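Peer 1: Once you have looked at the hints, place chain B on chain A.
Here are the chains, one letter per residue:
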Amino acid sequence: MYGTVRHEVRIHRPADEVWALAGDAARLHEWFPGIDACEVDGDRRTVTTTSGLALPELILVTDDRARRFQYRLDVPIVSHHRGTIDVIDLGDGSCLVVYSTEADPRAMALTIGGGTLGALRELKRQMEEEA
Amino acid sequence: MGRKILFVTTDQQRYDTLGCNGGQLSRTPVIDGLAAQGVRYERAVPQSVVCMPSRSTMLTGQHPSTHGVWMNGVPLPADAPSVAALLREHGYRTALIGKAHFQPFLDPFGRFEENQPTLAAGAHRGFEHFESATHSPMGPLTYARWLLTEHPEAAGGFYRVLDDQLEVNAAGGGDTGAPQVQVNPVPREWYHTDWVADRTISWLDSLGADDDFFCWMSFPDPHHPWDPPASELHRVPWREVPLPVGYPETAAEREALLDAKPRHWRGWYDGTLVSNYEAPLDWVPAEMTADQVREVNAVNAVEVELIDEALGRVMAAIAAKGWADDVDVIFTTDHGELQGDFGLLFKGPYHVDGLMRLPLIWRPAPSSAPAPATVTAPVGIVDLAPTFCRIAGLDAPSWMEGSALPVDDADAADRGFERVLTEWDSELFGVDVHLRTITRDGWVCTAYLPGSHHDGTEGELYDLTDDPLQRVNRWDDPSCAARRAELLADLWDHQPALVAPRPVEAPV
Numbered sequence: 001m002y003g004t005v006r007h008e009v010r011i012h013r014p015a016d017e018v019w020a021l022a023g024d025a026a027r028l029h030e031w032f033p034g035i036d037a038c039e040v041d042g043d044r045r046t047v048t049t050t051s052g053l054a055l056p057e058l059i060l061v062t063d064d065r066a067r068r069f070q071y072r073l074d075v076p077i078v079s080h081h082r083g084t085i086d087v088i089d090l091g092d093g094s095c096l097v098v099y100s101t102e103a104d105p106r107a108m109a110l111t112i113g114g115g116t117l118g119a120l121r122e123l124k125r126q127m128e129e130e131a
Numbered sequence: 132m133g134r135k136i137l138f139v140t141t142d143q144q145r146y147d148t149l150g151c152n153g154g155q156l157s158r159t160p161v162i163d164g165l166a167a168q169g170v171r172y173e174r175a176v177p178q179s180v181v182c183m184p185s186r187s188t189m190l191t192g193q194h195p196s197t198h199g200v201w202m203n204g205v206p207l208p209a210d211a212p213s214v215a216a217l218l219r220e221h222g223y224r225t226a227l228i229g230k231a232h233f234q235p236f237l238d239p240f241g242r243f244e245e246n247q248p249t250l251a252a253g254a255h256r257g258f259e260h261f262e263s264a265t266h267s268p269m270g271p272l273t274y275a276r277w278l279l280t281e282h283p284e285a286a287g288g289f290y291r292v293l294d295d296q297l298e299v300n301a302a303g304g305g306d307t308g309a310p311q312v313q314v315n316p317v318p319r320e321w322y323h324t325d326w327v328a329d330r331t332i333s334w335l336d337s338l339g340a341d342d343d344f345f346c347w348m349s350f351p352d353p354h355h356p357w358d359p360p361a362s363e364l365h366r367v368p369w370r371e372v373p374l375p376v377g378y379p380e381t382a383a384e385r386e387a388l389l390d391a392k393p394r395h396w397r398g399w400y401d402g403t404l405v406s407n408y409e410a411p412l413d414w415v416p417a418e419m420t421a422d423q424v425r426e427v428n429a430v431n432a433v434e435v436e437l438i439d440e441a442l443g444r445v446m447a448a449i450a451a452k453g454w455a456d457d458v459d460v461i462f463t464t465d466h467g468e469l470q471g472d473f474g475l476l477f478k479g480p481y482h483v484d485g486l487m488r489l490p491l492i493w494r495p496a497p498s499s500a501p502a503p504a505t506v507t508a509p510v511g512i513v514d515l516a517p518t519f520c521r522i523a524g525l526d527a528p529s530w531m532e533g534s535a536l537p538v539d540d541a542d543a544a545d546r547g548f549e550r551v552l553t554e555w556d557s558e559l560f561g562v563d564v565h566l567r568t569i570t571r572d573g574w575v576c577t578a579y580l581p582g583s584h585h586d587g588t589e590g591e592l593y594d595l596t597d598d599p600l601q602r603v604n605r606w607d608d609p610s611c612a613a614r615r616a617e618l619l620a621d622l623w624d625h626q627p628a629l630v631a632p633r634p635v636e637a638p639v
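Chains A and B supply the protein sequences, listed in that same order. Take the first sequence: its position 17, counting from 1, is numbered 17 in this note's numbering, and each next residue is one higher. Take the second sequence: its position 227, counting from 1, is numbered 358 in this note's numbering, and each next residue is one higher.
These aren't lab readings, by the way, just hints derived from the structure by calculation. All of these numbers come straight from a predicted model, not from anything done at the bench. Among the hints, a few may not be true.
As the list claims (entries may be wrong) - 20 Å max Cα-Cα, derived SDA-like pairs, lysine to any residue:
hint	chain 1	residue 1	chain 2	residue 2
1	A	K124	B	R633
2	A	K124	B	P208
3	B	K392	B	V415
4	A	K124	B	V415
Bound-form chain A, shown alone (with noise of 0.2 Å):
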């Protein structure tokens, strides 16, 4: 059964700025949470867990006019699962940065998600404390 979560965190900072972060597929684990390491050849990624679980993803979409990624988990307990990354433009200096996880089963969905909302958490806090 199919699920999905989106988690939103607003950032006051540059699309941009943020962008040239969240956007970049080989820095993923300096702002997630519970991610230790990324590798990254071609559309290809793997990331590697805190408990040392490599998790292996094919990039989608790395779309820098719209500021998208996009990507999915490549497991065999995920029969499905597309992550998006959006830096939407506020025009005010600021930004959304939203975070969705679709996912079969859809309690990977919830999982998955908690995660997310972890990193946008971090990638807040180091973008606006950090700056």
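Peer 2: Chain B in isolation, oriented as in the chain A frame:
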């Protein structure tokens, strides 16, 4: 040296599973003995009927609206108030051994402290010692790591709590194919009930003779899966188990009862609506047989007996330490289990006695010369933390919302134990349900807030005296209109402080 506190919790245990509460299936001489020496509560009510919110209430002394854990999967903030931290600040040695569940179990990114292989001493919510367990031998918790290290061959005998879809498993087992039942060949001494007792005894043995302690011994059973050691199943032969009084034996009777309640009841029974993650998605209650109800009740009773015996071992260890007169024991659970009532199992947004009437025993330290009593006034899980403060000689801090448990009905009347509030909020992929309930004056009244399947006009009203099985919903009974209005007014007048809702971060 003050009074020491042994706080014993089980998970998802019904009131009527104890001998002292009239239970017939399980033999519970240890708990019955504590009840005979102390205070037995006949109307102890949880503030939530699922684990994380209720356990957070135990720790914080707050209602779910206030501590913010409004459903399973919402973590209790790391800086939430904690009665364990308070007691520790006042010199108590503190431990939690067994099931905590203040944070989600499903945690692939390892974000939650409770799922870390090791916790820094004293770092977790005021517990200087923390050894964790849950129903499964899989995952990062202490019991699972112990079993997989010491007895890996035993892990495969346990029931798989989640299925391939990560949903609560609907697979049946045992003799009848009952959901979440499995014959488990694990030796009794390796099962988590005995492990929790063993680890508790070990920690108690590490204390100095004059140490005051607050030890939360938290058994994962008798929460499903029902997979106790096979060697113990002979204790309660399921074929000899009578059907529970709350189980209507014919489908027509079940359906008529459910149709008189708000519509999510019948929807769940028919398999058309699963509103909460705690119920197996692929299980249809209408297909449950009477024999399956018998087997679930039998295996549950076995688990309750094992808990009673484990508690007996801990009490013997306490006596051997010379502390028998100085230890307060409080025994309770986080919420109940439907266990066949209305043809249903497990739990969900159903505020009836199966889930709402809890076993609660307080055996004060014998050195305090307690007078045995039975309290009929309603009390709450929210009253536990202030009770621990009272035992320790501390004033309950202002962040606690309950009051120290009454020692008898006169005390309850003097201190205004009139009402208990219970909340339910859940959101699961477009299905949301919201209940607010008051228990007082022998009635239980539940108002439904607007949600995906309710328009906010629905409710349930039961007379607990004349209708102890809550079969007749009096919500729309004109003769009860004044009673309903009075209870609703009181319910809305006493709502707890509300924090901004926090997001769900995992299914459970």
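Peer 1: Taking the hints in turn, state whether each one holds.
Peer 2: Against the structure, the hints come out as follows:
1. K124/A to R633/B: Roughly 17 Å between the alpha carbons, so the hint for K124/A and R633/B holds.
2. K124/A to P208/B: With Cα atoms ~19 Å apart, K124/A and P208/B stay inside 20 Å; holds.
3. K392/B to V415/B: Distance of about 18 Å is within 20 Å: holds.
4. K124/A to V415/B: Status violated; Cα separation ~44 Å.
In this structure, the one hint that does not hold is number 4.
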